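Participant: Sequence:
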Amino acid sequence: MNDLSINRGASYLDDLSRLAADLAGGAHRAKDGHQPGAEGAPAGDSVRPATWPDPQPLTAKTEAEPYPLDALPAAIGAAVEEVAGFVQAPLPLVAAAALSALSVTCQAHADVQRAVRLSGPASLFMLSLGDSGERKTTCDTFFTTAIREYEAEQAEIMKPVLQRFEADHDAWKAKRSGILQAITELSKKSKPTDELQSVLAEVQRDEPEAPRVPRLLLGDETPENLAWGLAKRWPSAGVVSSEAGVIFGAHGMSKDSVMRNLGLLNILWDGKELSIGRRTSESFVVRGARLTLGLMIQEETLRTFFAQSGALARGSGFLARFLLAWPETTQGSRPFADPPATWPRLAAFNRRIAEILNWPAPIGEDGALKPAMMTLTQESKAAWVEFHNEVERELAPGGDLHAVRDVAAKSADNAARLAVMFHVFGHGTGGAIGLDSFEGASRIAAWHLNEARRFFGELALPAEMASAVRLDSWLIEHCQRVRTHMVGKNHVRQHGPLRDGSRLDAAIGELVALDRLRLVKEGRRLTLLVNPALVGVAA
26 MNDLSINRGA
36 SYLDDLSRLA
46 ADLAGGAHRA
56 KDGHQPGAEG
66 APAGDSVRPA
76 TWPDPQPLTA
86 KTEAEPYPLD
96 ALPAAIGAAV
106 EEVAGFVQAP
116 LPLVAAAALS
126 ALSVTCQAHA
136 DVQRAVRLSG
146 PASLFMLSLG
156 DSGERKTTCD
166 TFFTTAIREY
176 EAEQAEIMKP
186 VLQRFEADHD
196 AWKAKRSGIL
206 QAITELSKKS
216 KPTDELQSVL
226 AEVQRDEPEA
236 PRVPRLLLGD
246 ETPENLAWGL
256 AKRWPSAGVV
266 SSEAGVIFGA
276 HGMSKDSVMR
286 NLGLLNILWD
296 GKELSIGRRT
306 SESFVVRGAR
316 LTLGLMIQEE
326 TLRTFFAQSG
336 ALARGSGFLA
346 RFLLAWPETT
356 QGSRPFADPP
366 ATWPRLAAFN
376 RRIAEILNWP
386 APIGEDGALK
396 PAMMTLTQES
406 KAAWVEFHNE
416 VERELAPGGD
426 LHAVRDVAAK
436 SADNAARLAV
446 MFHVFGHGTG
456 GAIGLDSFEG
466 ASRIAAWHLN
476 EARRFFGELA
486 LPAEMASAVR
496 LDSWLIEHCQ
506 RVRTHMVGKN
516 HVRQHGPLRD
526 GSRLDAAIGE
536 LVALDRLRLV
546 KEGRRLTLLV
556 NPALVGVAA
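Quick note: the sequence shown uses this note's numbering, first residue 26, plus one each step.
Because the hints were derived from the structure by calculation, they are not lab data.
None of these values were measured; they are calculated from a predicted model.
Hints are supplied without guarantee of correctness; some may be wrong.
Stated by the list, open to error - The list that follows gives simulated cross-link-like pairs (lysine-lysine, DSSO-like), each with its CA atoms no further than 30 Å apart:
1) K257 to K406
2) K514 to K184
3) K216 to K184
4) K213 to K200
5) K200 to K214
6) K213 to K297
7) K198 to K257
Unchecked claim - Derived CB-CB ranges, DEER-like:
8) A177 to P360: 32 to 42 Å
9) R328 to A457: 24 to 34 Å
10) P233 to A457: 37 to 47 Å
11) A457 to R376: 35 to 45 Å
12) V310 to V410: 34 to 44 Å
13) R189 to V310: 48 to 58 Å
14) A457 to L187: 49 to 59 Å
15) A180 to A372: 54 to 64 Å
16) L544 to R240: 48 to 58 Å
17) E232 to T329: 23 to 33 Å
18) I388 to D530: 56 to 66 Å
19) R258 to T329: 28 to 38 Å
20) E390 to H194: 46 to 56 Å
Every residue, glycine too, gets a C-beta built ideally from N, C-alpha and C.
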């Protein structure tokens, strides 16, 4: 077994144990390349360090880690970097858009076997937390161009087939209607209808079946309608949206139906058979279907969802299936730039997506997908086992991942899903999944696992404390970068994580009460003084 390769593949997991220290335990480490004198940081301070008490603990907090762009396959990483350079959206958000498009494209063609009798789909559920205006829709549009073009081409090709089906179906409905009318007339006259009922049964069996037309990108659908589309229209699809309310805020997520719908989405992630019984319309069965979710959600929407669903979202394992991201906003630091004349790296990405989409879809006579079963090479399998075991060791009480053990328990599965997609993108469905593909996938999965610790750790707090945590983190990073511990309040409101005045004031109050912050008024100017012990800067 190649220990070096495994260590490289699990490099982000190695960092997890070092991320357990909370903010109150000491000063944040300064980042390289920071320059003093940024706007909003007044020079000098009359407050002496000795006048500051020790800062009280805020909460145990996991540090955000830089997104491992180099862990993506070179062609995907290059496209992500090119789009991020122009759009100026948070890098994890751009990468999530690329991976969602990759999942929608590849999920129909390959499953992944991690061990004997341990296999599953390659579909991804991705969820990013961010405010409106983060430009997720723009990113999605760039990376789904080839998918939308493929849908349009297939719809045009299938037009004659659809027209023939509609004519045949209209004729069938007319025939069925005539038989029903005849049965009604005989019934009114109290005459036997057995013979006509037999004819009706035959006609029912002969209903023309609608042709399957690829519809890969779905919109505002309830979970049940998603399942219907996979069963009746096309067995592989994705919801790629900047408004995750279509899933988390839909009427299908009311208290009465939340458990049923969460269970439905869980089954679709697992790729298992699903039966939907309906009282007022046709019942159906979903077989061999694949679903991708590539969503962004605002914090308030997610809090409302938690309030409505109670412990079900977490307890059912629904959120544990997602690759989570909570990137820092780039709003306020995105100066206008003209778009580049050409997009060579994005164009190469979309060409490869188009090639994969044009492979024959492996759909059986029953309408179910029959994806190729991809396996890991011996080296990749050893790396996957080590990844799995390192995560498992941290699930025990006292372990770094104990608080997110539900998410962590699925991390090795998600790493394998990412690995098979990287392999298919680069090499097709031939051969076994190589070590390079798994090493990159394991680093991406470990990064998302670290994000899950941040995500659940802060969202489990009361709203006021969660805002204080976000403000505290931003202030410390800003002060370290500009080498000060003083920030104008207006600058914080314009560039910090809390734009709402009342939320900002409440968060400031929490930090002042914990001796992490002081608010000083000089004339009409309000200045925030960060406890120097938190930033490692002399007052």
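Participant: Within 32 to 42 Å: is that where the Cβ-Cβ distance between A177 and P360 falls?
Facilitator: holds, 35 Å
Participant: Is the gap between the beta carbons of R189 and V310 within 48 to 58 Å?
Facilitator: violated, 26 Å
Participant: So the hint says 34 to 44 Å: do the beta-carbon atoms of V310 and V410 match that?
Facilitator: Given range 34 to 44 Å: holds, Cβ gap about 35 Å.
Participant: Are the Cα positions of K200 and K214 separated by 30 Å at most?
Facilitator: Given pair K200, K214 holds - Cα atoms ~22 Å apart, limit 30 Å.
Participant: Starting from the hint 49 to 59 Å, judge whether the C-beta atoms of A457 and L187 obey it.
Facilitator: violated, 40 Å
Participant: Within 23 to 33 Å: is that where the Cβ-Cβ distance between E232 and T329 falls?
Facilitator: violated, 42 Å
Participant: Does the Cβ pair E390, H194 satisfy 46 to 56 Å?
Facilitator: violated, 20 Å
Participant: Given the hint that K216 pairs with K184, does the C-alpha gap stay at or below 30 Å?
Facilitator: Distance ~45 Å between K216 and K184 Cα, so the pair is violated.
Participant: Confirm or reject the claim that R328 and A457 have a C-beta distance inside 24 to 34 Å.
Facilitator: violated, 44 Å
Participant: Quick one, are K514 and K184 close enough, alpha carbons at most 30 Å?
Facilitator: violated, 60 Å
Participant: Between I388 and D530, does the C-beta distance stay in 56 to 66 Å?
Facilitator: holds, 57 Å
Participant: Below or equal to 30 Å on CA atoms is what counts here, so check K213 against K297.
Facilitator: This hinted pair is violated, its Cα atoms lying about 48 Å apart.
Going down the numbered hints, you'll see the structure goes against 1, 2, 3, 6, 9, 11, 13, 14, 15, 17, 20, while the others check out.
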